[in-house]
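Asker: Please take these sequences and the hints and turn them into a complete structure.
2 protein chains.
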Amino acid sequence: MALLVLKFGGTSVADLERIRAAAAHIKREIDQGNQCAVVVSAMGDQTDRLVSWTREAAPLHDAREYDVVVSTGEQVTCGLLSIILQDMGIPARSWLGWQLPVHTDDAHGAARIVDIETDQLKTRLKNGEVAVVPGFQGLGPDGRVTTLGRGGSDTSAVALAAALGADRCDIYTDVDGIYTGDPRIVPQARRLDKISYEEMLETASLGAKVLQTRSVQLAMVHQVRLLVRSSFEPADAQHEDGTQAGTLVCDEDEIVEQQVVSGIAYTKDEAKVTLIGVQDKPGVAARVFGPLADANINVDMIVQNVSGDGKTTDLTFTVSDADLDRALEVLKDVKAEIGYEDLRGATDIVKVSVIGIGMRSHAGVASQMFKAMADKGINIEAISTSEIKISVLIDAAYAELAVRTLHSLYGLDNA
Amino acid sequence: MALLVLKFGGTSVADLERIRAAAAHIKREIDQGNQCAVVVSAMGDQTDRLVSWTREAAPLHDAREYDVVVSTGEQVTCGLLSIILQDMGIPARSWLGWQLPVHTDDAHGAARIVDIETDQLKTRLKNGEVAVVPGFQGLGPDGRVTTLGRGGSDTSAVALAAALGADRCDIYTDVDGIYTGDPRIVPQARRLDKISYEEMLETASLGAKVLQTRSVQLAMVHQVRLLVRSSFEPADAQHEDGTQAGTLVCDEDEIVEQQVVSGIAYTKDEAKVTLIGVQDKPGVAARVFGPLADANINVDMIVQNVSGDGKTTDLTFTVSDADLDRALEVLKDVKAEIGYEDLRGATDIVKVSVIGIGMRSHAGVASQMFKAMADKGINIEAISTSEIKISVLIDAAYAELAVRTLHSLYGLDNA
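Same order as they appear, the protein sequences are chains A and B. To convert, take the position in the first sequence, counting from 1, and add 73; that gives our numbering. To convert, take the position in the second sequence, counting from 1, and add 73; that gives our numbering.
Everything labelled a hint here was simulated from the structure, so no lab data went into it. The reader is advised that the hints may include incorrect statements.
A pair counts as met if it fits within one copy or between any two copies, since identical chains are not told apart.
[Stated by the list, open to error] Capping the alpha-carbon separation at 20 Å, the derived lysine to any residue pairs in SDA-like fashion look like this: (1) 100 / 131; (2) 195 / 216; (3) 405 / 433; (4) 195 / 217; (5) 444 / 294; (6) 341 / 435; (7) 449 / 185; (8) 354 / 378; (9) 100 / 421; (10) 282 / 201; (11) 195 / 454.
Answerer: Written out as structure tokens, the structure is:
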């Protein structure tokens, strides 16, 4: 018998049929004697609809009223799932953010959970009642509804699992786990049984939409074991030879057979900015990146080429492609202060990353990577590394080739 | 300077354009120095959509979870209107049912308001802030969301006006007031400047959809003056020679020139049941109407004809046409107990009513009515009266003729 938090995202509760499928998964856990608290997202595109209404009402609007409007999406799912569970003979009730309450700070629209009161909930769960909690919402210190920012339902689930001391937090989504590579590009990609928090963090920050970065951080801090699994798999699916459904995101100590590289990720949401003929003197980096930081533009990889004459240099860096136009505007505005000859932006690039906690203890992962790229004639435009990740920026045309090459290089291909 | 409660129904907040129009009406009142608390319904058909989801989830469902789902409709409008008001430079904030709170009893899905806490609200209103309150919802003694049943937003507005001691409660809707007759049938119908609570009650219970019966009762008890007006009229419309917008529903003492008859109403939602050859002996009425009452079927007009032989009689009565099939079933089931020869049901009838508080002091209103009907060859199948109302049941084919005849008879036609 285990205490579980089950989280169902937007596609897993898109309509009443999908909510019924979610209820069947919950029923299976209850039938196995588990205690279940459930966190739900809004149905399908309801949140987008509500958000667009607030924008249409006024482009700049009171975040407190935005929260009043947008939090209703999860509330609706919450009531409907409770009704469906009851109809299946499972005692269930909804617990809205202000009812538990889920205490957050006062950053309306992007609040952080401070504390979740769970005394009542624990008693109910012990009595076999399912608690259905709307994700993404809480109660601010001002006594008003807060929302956690987009994707916040994962965070709600992890925070609730931490507060309850749950044995596991099952994240039901539209994919059946975390893969060694994007199966659309690498047909040989394998689903991982386990992945460490650190690896998952790198994967999430590289654009994998499966889990929100913040929820993984929270899970790591509180040591909440996350199981990423598909709500589209039948609730009564039998897994051959006892293999588990989904991928467990857990502490690395729980992963017995650690591989050097656990996966290859890539992201297309990158744009490259190049400043040509920048004066090569102290303080120039501050004059370039200061204004970008002021404009809230996040800079990722940075490469500075030493110039031939020693007086000017070329400076290349990447930003999110959504920020490219704004970044170019900012740099045009401060051209006089920086002093550069030319400014170029490009989006035909991708970032390909190799991720694995094994890298910490294995040398040579990077050099293998660079050699493989060179062998395929792929030019590396920039490199960035962390303890458990190596990312390279390359021409978008070579994205698939690079991902497949690296997937094979590190022995990730399916046997 | 006055303290006003403004209520905007579903068609008056159907979309963002309509919500903006509502905001313009609120702005006019604020600009005139009034304090405004606003009660809103859900946008257009949102409530129907939410209700149908709960039914689809499970035909028989927990009313507490129904309330969780359905109350979100008003919450959305509430946030959006607050955003739009703020955008127009008017300080505004939403106050959800659980935040004020609006205390109700525990009859989830059909709760009654017990008390509304208004201390905070009064302070805010005095400071020129508009309070936007979702209609139709409250907080039960169980600490959970309640809803007041369909059409409850009018009741919310009146209860809030009573709690605040408001000078007036303005009900914005899609008609511009209460008419002496249905303008679609009687082109000469006039809009009334004032109508008494009692008359409005009779009109509402006769199927006029403008105000909910319960909200009029509440207004009468608490002496809340209601102004029924159109949100579709431009906010800055000028009324010639100072005539007011809409119809004021108020105490009869406030109506200086009382007319004998204030209006002619009719309702098609009637069905007639006739039991032929019923044994004419004591206790038969109980045996007929007891089972109907047990089945929650409301019986309106009753006529019993004395039979020729003194042993059997025919019994005719009306029920709502929605209840007809059920009423016939119930009576078939107890045929042996009642002892009747034949049972007939018909829906081709209408109830036409003459309403006016002046009737109390004027004799002859009924006899005038019966004579006028006879002159037009209209057969009266049943009659029911109250202190301020006379209703007759007639063949549906004569509905328009009867309404126009009576409208003219009592001097209601436009000059």
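Asker: Hint by hint, say whether it matches the structure.
Answerer: Consistency of the hints with the structure:
1. 100 / 131: Intra 43 Å, inter 16 Å, cutoff 20 Å: inter-copy only.
2. 195 / 216: Between. Shortest inter-copy distance 18 Å satisfies the 20 Å Cα cut-off; intra-copy 24 Å does not.
3. 405 / 433: Neither way: residue 405 and residue 433 sit 41 Å apart in one copy and 84 Å across, limit 20 Å.
4. 195 / 217: This pair counts as between: shortest inter-copy Cα distance 19 Å, intra-copy 25 Å.
5. 444 / 294: neither (37 Å within a copy, 87 Å between copies)
6. 341 / 435: neither (28 Å within a copy, 85 Å between copies)
7. 449 / 185: neither (46 Å within a copy, 75 Å between copies)
8. 354 / 378: within (13 Å within a copy, 111 Å between copies)
9. 100 / 421: Neither: 48 Å inside a chain and 51 Å across chains, both beyond 20 Å.
10. 282 / 201: Classified as neither; 33 Å inside a copy, 46 Å across copies.
11. 195 / 454: neither (54 Å within a copy, 64 Å between copies)
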